[in-house]
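Asker: In case you want the letters, here they are:
There are 2 protein chains.
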Amino acid sequence: MLTSDKTGYIIKSMKAEIIGIGTELLLGDVVNSNAAYLSQKLAGLGIDVYYHSTVGDNPTRLASSVKTALSRSDLVITTGGLGPTVDDITAQTLQPYTKKNTLILKNNVGTAPGLFTKLPDKKFLIALPGPPRELKPMFEKYAIPLLKKVSGAKSIIKSRVIKITGLSEPKVNKKVKSILKLKPPVTVGIYVKLGEVKLKITAKAASEKNALKLIAPVEKDIKKRLGDYIFGIDDQTLEGAVGELLARHKKTLAVAESCTGGLIANRITDVPGSSRYFKMGIVAYDNGIKTKFLLDVGGEQCSPLQKYGAVSRQVAIKMAQGIRKLANSDIGLSTTGIAGPAGKTKTKPVGLVFIALSTPKQTICKKYHFAGARTSVKYRTSQAALDLLRKSVQGNA
Amino acid sequence: MLTSDKTGYIIKSMKAEIIGIGTELLLGDVVNSNAAYLSQKLAGLGIDVYYHSTVGDNPTRLASSVKTALSRSDLVITTGGLGPTVDDITAQTLQPYTKKNTLILKNNVGTAPGLFTKLPDKKFLIALPGPPRELKPMFEKYAIPLLKKVSGAKSIIKSRVIKITGLSEPKVNKKVKSILKLKPPVTVGIYVKLGEVKLKITAKAASEKNALKLIAPVEKDIKKRLGDYIFGIDDQTLEGAVGELLARHKKTLAVAESCTGGLIANRITDVPGSSRYFKMGIVAYDNGIKTKFLLDVGGEQCSPLQKYGAVSRQVAIKMAQGIRKLANSDIGLSTTGIAGPAGKTKTKPVGLVFIALSTPKQTICKKYHFAGARTSVKYRTSQAALDLLRKSVQGNA
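Protein sequences, first through last, are from chains A and B. For what it's worth, our numbering labels the leading residue of the first sequence as 887, then goes sequentially. For what it's worth, our numbering labels the leading residue of the second sequence as 887, then goes sequentially.
Just to be clear, a hint being listed does not mean it is correct.
Since the list can't tell identical chains apart, any single copy or any two copies may satisfy a pair.
To be verified - Quick list of in silico lysine-lysine cross-link-like pairs, BS3-like style, CA-CA up to 30 Å:
1. 1230 - 1022
2. 1193 - 1067
3. 1008 - 1063
4. 953 - 1040
5. 1086 - 1022
6. 1095 - 1069
7. 1178 - 1137
8. 1035 - 986
9. 1234 - 1061
To be clear, the hints were calculated from the coordinates, so they are not data collected in a lab.
Please model the complete structure; the sequences and the hints are all you need to start from.
Answerer: As structure tokens, then:
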């Protein structure tokens, strides 16, 4: 690909191609995540990936695929088939290429080493093992330094991911419509996952510093348009962002979960160091348990459960207040809802959820209606609850 | 591929190839899970997949890839690039092929329809949309019935997955070594994921009935060799298997989690109908909370926490007994351990975990040492705890 860098010079990037090897891939027993991983890494090195392909454990078809790949690309990376069993045909099939100018790449995790071969016409062939936990350290430790030397890349690619929750993809799209139309050297893509929208800013430039200069104004513009809907950058998770805020503000948390069934506590405790701010969780799946531990706290004799039903604003509020008192924490967070598929009534459909948050100063409760199957409703509820918590600690709830 | 069916006839299977289209795949922003999904479905139809490939949103390279694919395969399926934006180049690029003998495949979920084209020489071209939630229903509802008519497959492939926990992959391998060497028409593959080993039995036969006949004796043999290490078949999960057992034996459960932080309660409540047997969970992340709710139950004045530390056999046992009494359930299950990365001491390394289970008849406690990062330790602990519970309800713990 010919691109122009900031200085106006024309740069020729290395063209790469990735070949996955293994009948288990062609049977669909294993998803080829190596191709995505290597593509991301190569993009970061300024190497353009033009093709992925997958072949089975068949020497003839592998040889033909490698030949085609080398005819049209500067760098060919194979993954898989390097082990010691009869199925593992890669080393033997590549032998006509690898018998000279080949470096062995050490495997610090498994047994099969990798290969890095310099071919005529400034072409390169790399063979990596299939298991991701072997491939990744080998590629990062041994192949990347070699590729940096030989790629001659005059440009690199740098990305930054802006993470958003509480706003649907069409609504995010509408707010950043003009930004999504940006053309190289800086572009923005939109990606969706359950309860989350991501905007990925990608810049191609002569150096990381220049790439970051291109990214900064776009990021600023996105932040201006989306404000508090943004909860994190790059690898930051919502539970991680919430944890940082709780630790920074020295606030402790306890959660009382009904429909989320422990998912919120689980996500919070996925974060290393969460014991600093997380005191306890109660999963009150049984109405008797809700009453005994959460609704009768403080000696009140009311029974919101009987009066309004377990899935109600009143019960959510009592649960949040109850868990806060029970755990003696700064914040109490609660969820109650109908995750489905059973449990709906005439007035309370599957997906109806109440989330409440209690602090010494205030108690708030929000009503939601989430779409999807049981685990989707659970996840969307946990996402909304953590986001309510995030905004509360920030002072914006 | 030429194979012989039970009647001795020689069958020629249809050869297929899948082309993924989209620059997001080549950048590694999206993992190509469609190729694995379609491969599994095609295998089930008796259609052999020989190649996967991926190209960007580039008409020249797409046209060239389709031409190559059609020259060597009977069936070519493209995924992606069918939408209305400028990036979506598939419909236009395929036009030379699709201008006649083409059926439109309806998209009941999104906007872009699919295409099913009959080409000369008994070749076929199918274009499907990229988003899995659009691709899957379209393929299953419209493409599979058409493929069944035209594939002429005289054989089908049927698989059955045997799921194992509590035994490492090398140990499973050793127990079924001879079975893993089986040759077609029935073969067995071994797959590993965190805390679980899977054996997949695959049979190729003239009918599903015949395939099941080939699978049955192999399954019986595997069950004989692995016995109670097997927790489920096909899509069954460990939490689902445990749930069925609890419901069948009419037992109720409560869990007290420290190092798993709510993961066990979350997995249990992922199962629809779990409110029948799951009463409550407590996530006691704070030592004060452990003492207040679980260790002082019954008026005892002992303090195993101060004497032995939170991560100890004594505390695990007290937690299991405590939660059972607190929730008035038939079974109490507890975990305490060091998930890491912090928290280790000289005598208590990261990964040290105690799991206890209490019933009116007995209390048992097991000690484990799990490898891996924080979330791996959490998951492995939840897997071992659910498995201990499974064996206890079955009467084998």
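Asker: Determine for every hint whether it applies to the structure shown.
Answerer: Evaluated hints:
1. 1230 - 1022: between (47 Å within a copy, 28 Å between copies)
2. 1193 - 1067: Result: close neither inside a copy nor across copies, 53 Å intra and 64 Å inter.
3. 1008 - 1063: neither (42 Å within a copy, 45 Å between copies)
4. 953 - 1040: Result: close within a single copy only, 27 Å intra versus 34 Å inter.
5. 1086 - 1022: both (23 Å within a copy, 26 Å between copies)
6. 1095 - 1069: This pair counts as within: shortest intra-copy Cα distance 19 Å, inter-copy 57 Å.
7. 1178 - 1137: both (26 Å within a copy, 21 Å between copies)
8. 1035 - 986: within (19 Å within a copy, 51 Å between copies)
9. 1234 - 1061: For residue 1234 and residue 1061, the Cα distance exceeds 30 Å both inside one copy (33 Å) and across copies (52 Å).
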